[in-house]
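**Student:** Residue numbers (the working numbering), protein chains in the order written: chain A, 1 to 215; chain B, 1 to 327; chain C, 1 to 129.
No wet-lab data here; the hints were simulated from the structure. All the pointers check out, no bait thrown in.
Here are the simulated lysine-lysine pairs, BS3-like style, with alpha carbons at most 27 Å apart:
{"no.": "1", "chain 1": "A", "residue 1": "K95", "chain 2": "B", "residue 2": "K110"}
{"no.": "2", "chain 1": "C", "residue 1": "K72", "chain 2": "B", "residue 2": "K200"}
{"no.": "3", "chain 1": "B", "residue 1": "K145", "chain 2": "B", "residue 2": "K122"}
{"no.": "4", "chain 1": "B", "residue 1": "K122", "chain 2": "A", "residue 2": "K95"}
{"no.": "5", "chain 1": "B", "residue 1": "K110", "chain 2": "B", "residue 2": "K145"}
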Amino acid sequence: MFNAMLRKESIVVAGPLLAAVAALSAMVIDAVYESRRHPAPQGDWMLDESLVYSFLIASVLLAMTISVLQCVTEEAQGTWRYAHSFPGGWRQILKLKLACGAVTWVVWSSVAISICLLGIGLDRGSEGEPLGKLFDPMLRTLVCVPIVYFGGYLTALRPARWYATRLLPLLGVIPCWFLVLYLPNWWIVAPLVTVAFSAMLIGVIFHIAETRDFA
Amino acid sequence: MAESVVDQDATRQASGHQREVVPPIVTDRLTKYYGGTRVVNGLNLTIKEGSVYALLGRNGAGKSTTIKMLMGLVHPDFGSATVLGEAAHQMSPETRAQISWVGEGHPLYKWMTIDGAIRFAKPFYPVWHDDLVEQVIDHFKLPRKRRLYRLSNGQRAQVSLALAVASDPKLLILDDPTIGLDTVVRRDFLESMIQIIQQKGRTIVFSSHILSDVDRVADHIGIMLDGVLRVDAPTERFRDALRKVVVELSGPLPKPPECPGLASWHQNGNRLELVFVDFGETHQSYVDSLLPSSQDILELNLEDAFVEYTRGSRGVMPAFAKEVARV
Amino acid sequence: MEIQIDAASRQPIYRQVMVQIREAVARGRMQPGERLPSVRELSSRLVVNPNTVARGYRELEQEGLLNTRPGKGVFVAEPKTDLTKRSRMKRFQELMDEFLTEAVHLGLTGDEVVSAVTTRAEGFEWQNR
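Extracted from the complex, chain A is given alone in its bound form:
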C-alpha cells in the first residue's frame, strides 16, 4: 500500500523536487563563482550567506509546492472521490500522502546538504570552520520546513472550504517559522516547536477531513 502510494506520489512530487535541486545547484554554483571573483576579506562569509538564503528559499518553496500539488492534482482529476472509495478511506489516503511528504523531506535534506557541501568544497577559500557555520542555519531550516509543508497541505485540502482555514495556516506558519529560525538554543527548542506545531496542523487536517464534506 505504502509502496503503491509512494510510487504514485513520487510522480507528483518528482517535478518540483528536481526543479528545487536544479535551482539550489544553480544558486550554489553562482555563489561559488561570486566568491571566487570577488574574494572578500572574509570570503567565506559571502558564501555562507548566499548558501543559507538559497537553501532556505529552495526548501520552503519546495515544501509549499509539494503540499499544494499533492492536494490539487487529486482535485483536478476528480480522483479524491476515487481514492476515498478505497477500503482505508480518506484517513488512510491522507496518512499515506503525508508519509510520502515526509519521505520527500528526508530525500531533499540529504540531497540539498550534499549540494551545499559540494559548493563549500569547490570554494577554495573556505576552511574547515564554515562547515560548522553552515550546518547551523541549514539544520534550522530543515527543522522548520515540516511546518511549512503541513501548513500548505491544510491550505490546499479539499474539504477546507472556509477562507480562514485556507489562509490562516499559511500566514500563521510564517511568524512561527521566523521564531524558530532565530531562537538562541534553537537545537533544543526548535525541534519541540516543530513537533508541537506539526502535530497541531496534522490534527486540524484530520479534523477538517472528518467533519467537512468531500463532495
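Since the structure of chain A is provided, determine the placement of chains B and C on it from the hints.
**Tutor:** Frame of chain A, contents of chains B and C only:
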C-alpha cells in the same frame, strides 16, 4: 400532483424479516441542505440484497447527493444512512472493502497505464481477483500498456468497472456510469454489467438517465423528485401503474378537472392525453364524464412512464396549431 | 432461434420474449423436446437482466409451453392433452369471435376471411389428430 408508487409488499417484507438479512442499504429520513435548499428531503430507502436498483430522477433531484452520502463523502444534516449494517460515514475498512464505487466520469489517474492502475489499486484491498479483471480486459481487448488518457471514454469506463469488480464486492455503487458514452459503448458497458449481475448475491445500485438501459437491467427503480423518493417499486410495477388515456373531445377544455391519480395531462386541439397512476374504475368514470367521442388506453414504456410521471402537467401546448391559439 | 427485443417498446421485455417463443413453437421453428438457451445465455445475448428472461420462461412454463428439466435446461414441452377437446374448442371460439368481429369492422367479406385464413395457415405447423 404525482402520487407515490410504493411497492407495499417490499416494505412489509423488509420490516417483517429484519431478523434475517440486513438490507445492504437503509436510509432513514436522510436529509441534506445546500444553502437554503433541501437537496435530499427525508429519504426513506431500503435496497434489498441481490437487487439491481436504479436510482432515477431529473438533474438536481438529489440522486448524486444521496449516493455521495451512501459512500460517506458527504455528511447528512439529518437522518441516517446505513450501508452493510454500518453508518455510512463511519464504515470500517473491512466493510468498505466490500463496496466498490464507480463515479460519474470514471475518475482514475489518467497518466497511469491499465496495468499501472491495477498495480496501484490492488494493495489497498484485502481480496483481489486478477482473473476477474483479466476477463473484462481480454473480452474487450483493452490495451494493457497504454496510458488511460489515451483510451476512449468507453474503454476507460470498462477499466473502471473491471477495477470495481476485482475486489469481489458485495455492493456496487455506480453513479451515472454511462454518461457521455455513445450507444455502442454503452451496450458494451451494459454487457459487462449483465455479466456481473449473473453472478448472484451482489447488490448493484446505479443512477442513470438512459431509461431503456434501466429497463433492460434494473429489477427495482426509485424515482426522486425534488429530493423526495416518490417511487420505490419493481420496474414492472411502475410501468404497469401508469396508463395513458387518449381521448378525442368535441371541444377543447381549458383544463381538465382535478382527479386523484391524474399524473399529467396534455391537450392538443380536441385531443386530450391523460396519464393516470393505477388506472381504475374511478378514473374510467372520470374519463367517461368528459364525454369523449373516442378513447384509447395505452401502456407506456419505461422512458415515457418516467417522463409523464416527472414532468407533471404541460397544460396546453404552445401554439403551433391555429385552433389552440384562438382559445 | 433468434430472439430480438426492443427495450423502448411499450411491451415489457419478458412478454416480448414470451411472444416470440410462442410464435416460434407455433410456426414449427422450435420442436417439442428442443432445448432453449439457458437463462444466462439468453440474458447475455439480449443484454437484459437474467430475472427478466427467467420470468418469461417461468410464465411459459406455467402455460405449459415449456418445461424445466433440473440440471439439463429448459425445453419445449410436448403438446398438452390435459384439456378436453371441447374446452379447447370453446377457448378457440372465444378468440375466433374477437378475430371475426375485427374482420367485419375492417370491411372484409366472409369469403375473403376464409381464403386468407387458409393461405396463412399454411405457414404454421398443425398437429395431426
